[in-house]
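Chemist: Take a look at the letters that make up each chain.
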Amino acid sequence: SQQGEEDPQALSIQEGENATMNCSYKTSINNLQWYRQNSGRGLVHLILIRSNEREKHSGRLRVTLDTSKKSSSLLITASRAADTASYFCATDKAAGNKLTFGGGTRVLVKP
Amino acid sequence: DTEVTQTPKHLVMGMTNKKSLKCEQHMGHRAMYWYKQKAKKPPELMFVYSYEKLSINESVPSRFSPECPNSSLLNLHLHALQPEDSALYLCASSQDLTSGRSGANVLTFGAGSRLTVL
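Respectively, the protein sequence lines represent chains A and B.
Just so we're aligned, residue 1 is where the first sequence starts under our numbering, counting upward by one.
Just so we're aligned, residue 1001 is where the second sequence starts under our numbering, counting upward by one.
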């Protein structure tokens, strides 16, 4: 079974708006990562947040982590058409070397 | 060089064919991965190689046979596949954690090989 579940499954917004997506997971984690995938391409690492961190920023990205609720959120501010992609959370248990991906959120940013 | 290169980009094969997918990285990473991804689904882990040894096999059918000839190369040999094996096959690499070094397991992915089994 998937470690992470994401919602919403799909999101459509206008350019300039913010996009927020959430990820929930089931077991304890070492860290949580977010990846982006443009249609039919490989995944690109966006940001990592460790289990002892609560919030992290990188450019227009803001990630939060609530280990008590086993959930994380990814916020993309001032979205651009180029942000159109699928976004996946991925969790890394302490054992390492095994990254498990959530179901993904498909984001469409309309110009 | 921060790329993972996968070949071919597209592959069409019959159920009786034997073919291979190839992956190469020159980042000095010691862990390499094969993931399978169906349309609108997340990537699913198939195999992990750590220091050129198979460390994880996620109960993948034997018609998929991985090979790691050296630390830079990873192959996936395909034989007697089924139409339901049609998918995007993604290779990835990362620094390995089994040595005990600190750091997270951040993956660098290739662009994928789109496989169609007729």
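Treat the hints loosely; a few may be bogus.
As the list claims (entries may be wrong) - Pairs of lysine-lysine, DSS-like flavour, derived with a Cα cap of 30 Å:
| hint | chain 1 | residue 1 | chain 2 | residue 2 |
| --- | --- | --- | --- | --- |
| 1 | B | Lys1053 | A | Lys98 |
| 2 | A | Lys56 | A | Lys110 |
| 3 | B | Lys1041 | A | Lys93 |
| 4 | B | Lys1022 | A | Lys93 |
| 5 | B | Lys1018 | A | Lys98 |
| 6 | B | Lys1019 | B | Lys1009 |
| 7 | B | Lys1036 | A | Lys98 |
| 8 | A | Lys56 | B | Lys1019 |
| 9 | A | Lys110 | B | Lys1022 |
By construction, these hints were calculated from the structure, which means they are not laboratory data.
As the structure is a prediction and not an experimental result, all values here were calculated from the model.
Chemist: Keeping to a limit of 30 Å between CA atoms, is the pair of lysine 1053 (chain B) and lysine 98 (chain A) held or broken?
Modeler: holds (15 Å)
Chemist: For the pair supplied as a hint, lysine 56 (chain A) and lysine 1019 (chain B), confirm whether the alpha-carbon distance does not exceed 30 Å.
Modeler: violated (44 Å)
Chemist: Hint check: lysine 56 (chain A) vs lysine 110 (chain A), CA-CA at most 30 Å. Holds or violated?
Modeler: Since the Cα atoms of lysine 56 (chain A) and lysine 110 (chain A) sit roughly 27 Å apart, the hinted pair holds (cutoff 30 Å).
Chemist: Is the straight-line distance between the alpha-carbon of lysine 1018 (chain B) and that of lysine 98 (chain A) 30 Å or less?
Modeler: holds (28 Å)
Chemist: Does lysine 1022 (chain B) lie within 30 Å of lysine 110 (chain A) when you go C-alpha to C-alpha?
Modeler: Violated: lysine 110 (chain A) and lysine 1022 (chain B) sit about 36 Å apart, past 30 Å.
Chemist: Need the status of pair lysine 1019 (chain B), lysine 1009 (chain B): alpha-carbon distance at most 30 Å?
Modeler: Holds, at roughly 13 Å.
Chemist: CA of lysine 1041 (chain B) to CA of lysine 93 (chain A), is that 30 Å or under?
Modeler: holds (21 Å)
Chemist: Does the alpha-carbon distance linking lysine 1036 (chain B) and lysine 98 (chain A) stay inside the 30 Å limit?
Modeler: The given pair, whose Cα atoms are some 14 Å apart, holds under the 30 Å limit.
Chemist: Given the proposed pairing of lysine 1022 (chain B) with lysine 93 (chain A), does the C-alpha separation stay at or below 30 Å?
Modeler: It holds: about 28 Å lies between the C-alpha atoms, which stays within 30 Å.
This entry does not satisfy hints 8, 9, going by the numbered hints stated previously.
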